[in-house]
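K.L.:
As a plain string of letters, each chain reads:
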Amino acid sequence: MEDPAEKGMRIHRGRLAQYKHDQLLREYLKQNLNELIQQKELVVNGKVKTQIATLDLPTLKYGEELPVLAQGPGGQGRSKGGKVSDEEIVVLGGILGGDHHGKELRVELDFDEFVRLAQEVLLEEMELPTFHEPTRSGEVETEDIPELDDLDRIGLRPDLNLEETMIHSLLRNVRERGVLDYDVDLRYDGWYFVEDPASYQNHRSLEVYVLDISGSMRGEYLSLVRKTIFVLWYYLEKRYPTNLRRYVVFQDVAEEKTREEFFCVESSGGTHISSGFEKAMELLEGVTEYDKFLFMFTDGETSSSDFDLARRRYEEALEKFDLVCYGHVNPGGRGIGGFSEVVQEMARKRPNATFANLMDLETIKAALTEFLAFLRGERGGSRPWRSTRRSSRGSRH
Amino acid sequence: MEEYQAVVERIEALARAKGLSFDPVYFRMSDGEEIAEVASMGLPNRFIHWYWGGTFKELVTQQSKEVFSILELVLNTNPSYAFLRRNNTYLQNVLVIAHVFGHADFFKNNHWYQKSNKNMLNEAELHARTIRQYEQAYGAERVEKVLDACLTVASTVNAFERNPAERSKRLIYYLEERAPLEEWERHLLQLIREEAEYFDLIQRTHIINEGWATYVESTLLREVLTAKEWASICMQLCNRPSPYLIGYSLFKRIEETMGYERVLVVRSFYEDVRLIDEVLTEDLVRRLDIFVYDPKEKTKSYDLQQVKEMLIHQKLYKGEPHVEVEPGHNGRELVLAHCEEDKKLDPKRIALFLKAVHTLWRNPVKLRANGRVYTYDRRGLSST
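From first to last, the protein sequence lines stand for chains A and B. Each residue of the first sequence is one higher than the one before, counting from 114 in my numbering. Each residue of the second sequence is one higher than the one before, counting from 1091 in my numbering.
Isolated chain A, as found in the complex:
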């Protein structure tokens, strides 16, 4: 019997249903983004938890924790000894009796998926331009063997070439001069080898995100920071698909975090902005990335003893980073004081210092214009902040 399904010709009802489901999910996220994004622990095990009731069918549920039927590991054929912890108990409700279609839906999103959706929502709300995937125009794929019109400088082939050069040199010297020595001048014969591979211009950029997690940074504060970062990512990812991102959080002291940890913060402690800058600069050690961006988010309320140190560290950071973006997190829309005032002042003078007052979506948009000004500048061929340094780079012979 000819079965069209065997040839992959079938209606993918599952995927169609999933599409419908995801559309609704998107709607839900749009409506609840603000609330979701404020969760202290935004990502757990790569997932963003949602408290979604609306994506479930609105059946009745008990409002309290009632005794349930459960099964311990003994029944699952695992070890019988020892104490049973909560995690080993399998609640039998959904499996035995509940809805035929399986357990209760509590939607968890992959963090990446969440970010994409959040970006979609934010860009739309802020009326920012979206990019399509970079087109590959101009690239012609061909079956022909490419013409060899260039020499590899690094990799296996030049290594082999150099080895061969040296062996020939050794043999020649033994044969002609009777000495066991090379007459290879690496500067000429091995020009490709002399250059320190680490000094190669690397077109990746480094982004260091520094977040103040002192006691005051919660709720709406986190929401503003995260929204800004998500939208920043949107543009930076398009421009620098392979860039390197590192994350620092600080209160009294600073720590480097993973991306996931960065979005799970327990706000507490005092504020030492200097520690954040210090940690960020530590991360620059050995870094060969082409551009180095620093994004600092704080409410600027550094402790008074730290004020002068923070200012010095900030100035150092301006020397070491190509761009230091400072987001003054200010959901209440109050006046700008404290350390932020210093930065605001500095941003007027220094080309690679930017300051943004983050109060709402509108100001995030303005901040992006500030932060990402270089994207425009670059297209025009000029990179305004580049004057600070660049001459020290490059050891090409």
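Any given hint could turn out to be false.
[As the list claims (entries may be wrong)] List time: in silico DSBU-like cross-link candidates among lysine-lysine, alpha-carbon distance up to 30 Å:
hint, chain 1, residue 1, chain 2, residue 2
1, A, K174, B, K1388
2, A, K153, A, K462
3, A, K133, A, K174
4, A, K143, B, K1390
5, A, K174, B, K1434
6, B, K1456, A, K160
7, B, K1438, A, K133
8, B, K1438, A, K174
9, A, K174, B, K1445
10, B, K1445, B, K1259
11, A, K174, B, K1386
12, B, K1198, A, K162
13, B, K1342, B, K1386
14, B, K1155, A, K143
15, B, K1445, B, K1433
16, B, K1198, B, K1398
17, B, K1235, B, K1434
18, A, K153, B, K1438
19, B, K1342, B, K1198
20, B, K1155, A, K133
21, B, K1259, B, K1390
22, B, K1388, A, K160
23, A, K174, B, K1342
24, A, K392, A, K351
25, B, K1205, A, K162
26, B, K1445, A, K133
27, B, K1445, B, K1398
28, A, K143, B, K1235
29, A, K153, B, K1155
30, B, K1388, A, K162
31, A, K174, B, K1390
32, A, K351, A, K143
Calculated directly from the structure, the hints in this document are not laboratory data.
Knowing the structure of chain A, use the given hints to seat chain B on it.
P.N.:
Here is chain B on its own, set in the frame of chain A:
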């Protein structure tokens, strides 16, 4: 599929020799995605709804992470369709084949399945087409709203109940009979009710059906497999999800105490509630390690009576709060009552639920729960 032809025939012959009988079974090789699709929708060609989409997504993710995969699926239709998974090992699929014959036998011989609709595959297709036509005629959004509401009340069906007075206490039947719906809306409600009854039957016989299929599987395979293969199977059987294991243990117990003849009788006339009520013992409860867990006190109870009551309650009301239509109200009034007053309902869900019922009933809907009366009408939810 060809490579399994011989073993299918052999297992089928063995099954018949054991006194089993069944309608023709069509096996079909499919991929994990197709199985996830059928599992999430319940039937392969059912109408497309967002609700299955969430389950489908979850199943596919689980499969891709190898957390959990569905090995097999059988439909209660004539002929029976069984889905094997291409990624299964040969041995796994042999297991599945034996298991499937267990289900097919149950579908044919269990008393409660006699009145079941064996033509559901075609009907689901017709339903899907009807729904598409309605979408064209009345707009997808309107249709979806009604469907959502119908699916919300769908869990109140009872495939076993034949007494009309008892039935009309159940919300979905009451609505179908009395709600001031347009013809197409009533038709939708009826379609959903029919499908829900088909699933309700399966759900009410889940433990006995899976238990029986696992029992058949183990009985038949002892003769088909080598000792080594058999040993590895025994391990796997112990790791099956609970309904399989509980059902299997109960059948084993019957076999040990009353013999194979009795086993066949039980598979013909019992459903979950009766099976549990008659066969579950204190010692089985201990061995299966099933208990009533109180999350507040963090205590476990292996008390047979408690476990039984809980299991039976799960079977009767699907673990959901049990709500009945209060009789004696006429005309435009619909009054629901939560039957276990001591248990609290989540007020947020009450609001959502009543809103959904209101979409179908149109007039004010009342619910007695949490010691008060909630009313949903045009202005929204209020409570007194």
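K.L.:
For every hint, state whether the structure bears it out.
P.N.:
Comparing the hints with the structure gives:
1. The hinted pair formed by A/K174 and B/K1388 meets the criterion: a straight-line CA distance of about 21 Å does not exceed 30 Å.
2. With a C-alpha separation of about 36 Å, the suggested pairing of A/K153 with A/K462 is violated against the 30 Å cut-off.
3. Distance check on the hinted pair: A/K133 and A/K174 sit about 24 Å apart at the alpha-carbon level, within 30 Å; holds.
4. A threshold of 30 Å between alpha carbons decides the hint, and for A/K143 with B/K1390 the separation of about 42 Å lies outside it, so the pair is violated.
5. This hinted pair checks out: A/K174 and B/K1434 have alpha carbons roughly 9 Å apart, not beyond 30 Å.
6. For the hint pairing B/K1456 with A/K160, the CA-to-CA distance comes to about 39 Å; that exceeds 30 Å, so the pair is violated.
7. The suggested pairing of B/K1438 with A/K133 holds, with an alpha-carbon distance near 24 Å, which does not exceed 30 Å.
8. Restraint check: the Cα-Cα separation between B/K1438 and A/K174 comes to about 9 Å, which is no more than 30 Å; the hinted pair holds.
9. Distance check on the hinted pair: A/K174 and B/K1445 sit about 15 Å apart at the alpha-carbon level, within 30 Å; holds.
10. Simply put, B/K1445 and B/K1259 have alpha-carbon atoms about 20 Å apart, close enough for the 30 Å limit, and the pair holds.
11. A hinted pair counts as satisfied when its Cα atoms are at most 30 Å apart, and A/K174 with B/K1386 qualifies at roughly 17 Å.
12. Under the criterion of a C-alpha separation no larger than 30 Å, the hint pairing B/K1198 with A/K162 is inconsistent with the structure, at around 44 Å.
13. Distance check on the hinted pair: B/K1342 and B/K1386 sit about 35 Å apart at the alpha-carbon level, beyond 30 Å; violated.
14. The suggested pairing of B/K1155 with A/K143 holds, with an alpha-carbon distance near 29 Å, which does not exceed 30 Å.
15. The suggested pairing of B/K1445 with B/K1433 holds, with an alpha-carbon distance near 21 Å, which does not exceed 30 Å.
16. Under the criterion of a C-alpha separation no larger than 30 Å, the hint pairing B/K1198 with B/K1398 is consistent with the structure, at around 28 Å.
17. Restraint check: the Cα-Cα separation between B/K1235 and B/K1434 comes to about 28 Å, which is no more than 30 Å; the hinted pair holds.
18. Of the supplied pair hints, the one linking A/K153 and B/K1438 holds, its CA atoms being roughly 24 Å apart against a limit of 30 Å.
19. The suggested pairing of B/K1342 with B/K1198 holds, with an alpha-carbon distance near 21 Å, which does not exceed 30 Å.
20. Proposed proximity of B/K1155 and A/K133 is supported: the alpha carbons are some 23 Å apart, at most 30 Å.
21. The straight-line distance between the Cα atoms of B/K1259 and B/K1390 is roughly 35 Å, outside the 30 Å bound, and the hint therefore fails.
22. The hinted pair formed by B/K1388 and A/K160 meets the criterion: a straight-line CA distance of about 28 Å does not exceed 30 Å.
23. Under the criterion of a C-alpha separation no larger than 30 Å, the hint pairing A/K174 with B/K1342 is inconsistent with the structure, at around 36 Å.
24. A hinted pair counts as satisfied when its Cα atoms are at most 30 Å apart, and A/K392 with A/K351 qualifies at roughly 27 Å.
25. For the suggested pair B/K1205 and A/K162, the alpha carbons sit about 44 Å apart, so the restraint of at most 30 Å is broken.
26. Between B/K1445 and A/K133, the direct Cα distance comes to roughly 22 Å. Compliance with the 30 Å bound is thereby established for this hinted pair.
27. Under the criterion of a C-alpha separation no larger than 30 Å, the hint pairing B/K1445 with B/K1398 is inconsistent with the structure, at around 35 Å.
28. Proximity of A/K143 to B/K1235 is assessed by CA-CA distance (about 20 Å); at most 30 Å being required, the pair is judged to hold.
29. For the suggested pair A/K153 and B/K1155, the alpha carbons sit about 27 Å apart, so the restraint of at most 30 Å is met.
30. In summary, the hint linking B/K1388 to A/K162 is supported, as the alpha carbons are separated by about 25 Å, within the 30 Å threshold.
31. Under the criterion of a C-alpha separation no larger than 30 Å, the hint pairing A/K174 with B/K1390 is consistent with the structure, at around 23 Å.
32. As the CA atoms of A/K351 and A/K143 are separated by approximately 23 Å, the hinted pair is consistent with the 30 Å bound.
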